[in-house]
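Colleague: So you can see what is in the structure, the chains are spelled out below.
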Amino acid sequence: MGYTENELAKDLENQEYKFGFVTNIEADKVPKGLNEDIIRLISSKKNEPEWMLEYRLNAFHIWKDMTEPEWAHVQYEKPDFQGISYYSAPKKAKKYESWDDVDPELKETMAKLGISLEEQQRLTGVAVDFVMDSVSVGTSFKGKLKELGIIFCSFSEAVQEHPELVRKHMGTVVPVTDNFYAALNSAVFTDGSFCYIPKGVRCPMELSTYFRINEGGTGQFERTLVVADKGSYVSYLEGCTAPQRDENQLHAAVVELIALDDAEIKYSTVQNWYPGDKEGKGGVFNFVTKRGLCERNAKISWTQVETGSAVTWKYPSCILKGDHSVGEFYSVAVTNNFQQADTGTKMVHLGKHTKSTIISKGISAGKSQNSYRGLVQIHKNADHARNFSQCDSLLMTDTCGAHTFPYIECKNSSAKIEHEATTSKIGEDQIFYCLQRGISEEKAISLIVNGYCKEVLNQLPMEFAVEAQKLLAISLEGSVG
Amino acid sequence: METVSTKKLDRFTQSLTPTRISLPKEQLDLAKAVLEQKDFPTTRDEAWKYTRVGKIATLEPRTETATLQESEWQAFLNLNFSFAVIFVNGTVQKIIHSKAEVEGIKITPFSECSEDQLSSNSESAPDVFDALNLVYLNDGIQLSVEKNAVIEHPVLFIHFFSGTQSVHHSRLNISLAPSSKLEIIQQFVGQGAEINYGNNHSEIQIADNAQLEMHKIQVSLTSNYLISRETIDQSANSTFTLHTHTSESIFVRNDTTVRVNGTNSETNLYGSYLLKEDEHVDNHTCIDHRAPHCLSNELYKGVIGGKSTAVFNGKVFVRQDAQKINAFQSNANVLTSDSASVNSKPELEIYADDVKCSHGSTTGQLDDEAVFYLRARGISEKAAKDLLIQAFLDDAFSKTTNADVQEILETAVNRYFG
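Listed in order, the protein sequences are those of chains A and B.
According to the numbering used here, the stretch in the first sequence is residues 2 to 482, in order.
According to the numbering used here, the stretch in the second sequence is residues 1360 to 1777, in order.
No wet-lab data here; the hints were simulated from the structure.
Predicted, not measured: the structure shown is a model, and the values here were computed from it.
Virtual Cβ for every residue (Gly too), placed ideally from N, Cα, C.
It is possible that some hints are incorrect.
A short, non-exhaustive set of chain A residues, derived as facing chain B with CB atoms under 10 Å [said to hold, decoys possible]:
id, residue
1, Trp72
2, Tyr373
3, Asp399
4, Gly402
Taking the hints into account, I'd like the entire structure generated from these sequences.
Modeller: This is the structure:
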């Protein structure tokens, strides 16, 4: 490659400039609190068109009249919405002076995940701010995507360069009035990702926010919009497989997927944000609204591996609007120590011959609480709709909890719905079998847990699956006494 | 100046007569406070998400007593029983003894009980319907079975409802002493076509080694809104079995709460519901496992036709100390019409690790191939479908071993298909 590191550095500097980020962090942070002026300020900083500002202000007025939802099976101290700074430019400053300053526990974790030293340094923000490989891969990918007419860029960029697409689709799946956190996000979102796959195009690679990490940092209120036009296919990977220690208290993201006729979207998430320490102090509140809309013959598949965050409140859903559309949800949720997760899905069957599958695997350890909450709704016109749900829970200690709250609503007599759930612990005979063969208890548990989650892990793209497996092992480390 | 209340509850209670039963003062005061503070639940309340009580809330109710002629209840006494209690609009009209002498059982109407005899097993503040039941209680029965007494024939409770816009509240306090055994049959019977509302609450205590089997039969309450509740406390080594059958009833809400306080206990809840036309049935169950080494089974099956709605909400709660629990729950529904709907919510809330809990819920329709098989053998479509539905329900029905009850259910099913 005739591309030197210096050139790359220069490119990136230019890119930064292009996005309007100012390097002086102090100057680019709005005061704490939320009001109309702040929203105007965010909008003007991002140089947004008038309609975007109106959208934000409208959302803000709706949000003001809403109250925080309390139905989830979680307990936490509510965030102070006026105590948050709603805009700050991505942190480009070096977090650590040298590699030696980096928290050894963090280093160890990354080593276990099998992340290269270079990568580790990049992730912790030490010395070199970027690594040639991943960025050059990113840029070469970009060229290839452009050839196919695929748009994959940051949300801010999309607002500037593809306003017609953003305006047409934004808020159609998750309207601003949807819920408290969606309204908040609509008012203050700082950035996110936008992806458009043109008609009949099969995206040749897995799209990932991972590649974009150096371009525009994503804030705590990110917004993702994926539009797959007729007959197209895309597999989208979200989040970080690396342990980015994000200290933000509140994450309220919105993800909207639109699969037009015959399109297919596969959306995979591996989430391991900071879960708080062993005493349950700190950690991220992850309150996310994710929803996809399926038109005729379309398919949306959500796969998630949730191991992080102190409190998770997340229900990736599918609206099966078109006839013969398909929705899938595969989830592994692991909670340890004092983590709390209330997660599941909603499958709303509107069209005829629509199908949905839900496979949810919960693992609770320590003193955590892990709940599955799901809705399967068959509407009156959804003839011959089909649903299969399976929600299993695994309990690792006698101090944790595993709960299942499925809602099944059927208004059509030709629908077939099946739901089953089990709760149990790892069989002593299984562990005994492994111990007998010289496998340590810890390894045995990791083996059994991986087998238990196999159905879901199989859905993940290859490289993701490997990391997810390691992540599971790390999350459950020392959880069995 | 007097302010006009906008609460539906205030309007509802204005012409009701407060109870004359000497209920424990503390309990009654608590219930009164609830009625002052709260209103009827709406679909925003989780426990009433799928059941609208608007039709009850908009009644213009009054307390109406009535008496029945003996001939009117005779038809319901064609079965073996040790005692039969006739409730008419919530008031005990007659207690009938069987010819044979029965020992070890005591039945007293609330009106003859003193305050300290009427203690309650309630653990939390009552909800609106509970509070209404207490504050406007018509009458109740105190039933106790002595230690080691095995009552051969069941005790019958027949609740008759009649009257226009009338409201009936009744209670049963049932206690089984250690190692005793009892069977109870409760029948709810609507009379006439006038709209009225009944609310019955049973508080049941089952001591060590005791066994109770209870049947609730709710058939053709075509104009009677019914709320029927049980709160059961089970001690060690006890067994409680409940069979609930509802068919062709306009509005029935069953709330069953079982608190399993002792080890080695067994709890069985079985239910069946058959709906036609425009009916609504809501079965809420909660089994709270507080002690280790217990077993619970739940099976609810339903056939929903017409514009009817069925609701099933089953909760299994396993406390942290309740290890080695086996809890099974299953709900199956068949929809026979396009306008029918079903809402099923099987819940598990588990805080102990060494447990085996499972639940399942299915909704579907009759297998076309099975219908074809029967039709190919010269059976009409209707008969074929009826046959398959009866086979579907048989699981739940066959749990009843009482031949008299089986006969009543058979008649109800024949009526349904008739």
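Colleague: If a hint holds in the structure, say so; if it does not, say that too.
Modeller: Quick rundown of the hints versus the structure:
{"no.": "1", "hint": "Trp72", "verdict": "7 Å, holds"}
{"no.": "2", "hint": "Tyr373", "verdict": "9 Å, holds"}
{"no.": "3", "hint": "Asp399", "verdict": "5 Å, holds"}
{"no.": "4", "hint": "Gly402", "verdict": "5 Å, holds"}
Going down the numbered hints, you'll see the structure goes against none, and every one checks out.
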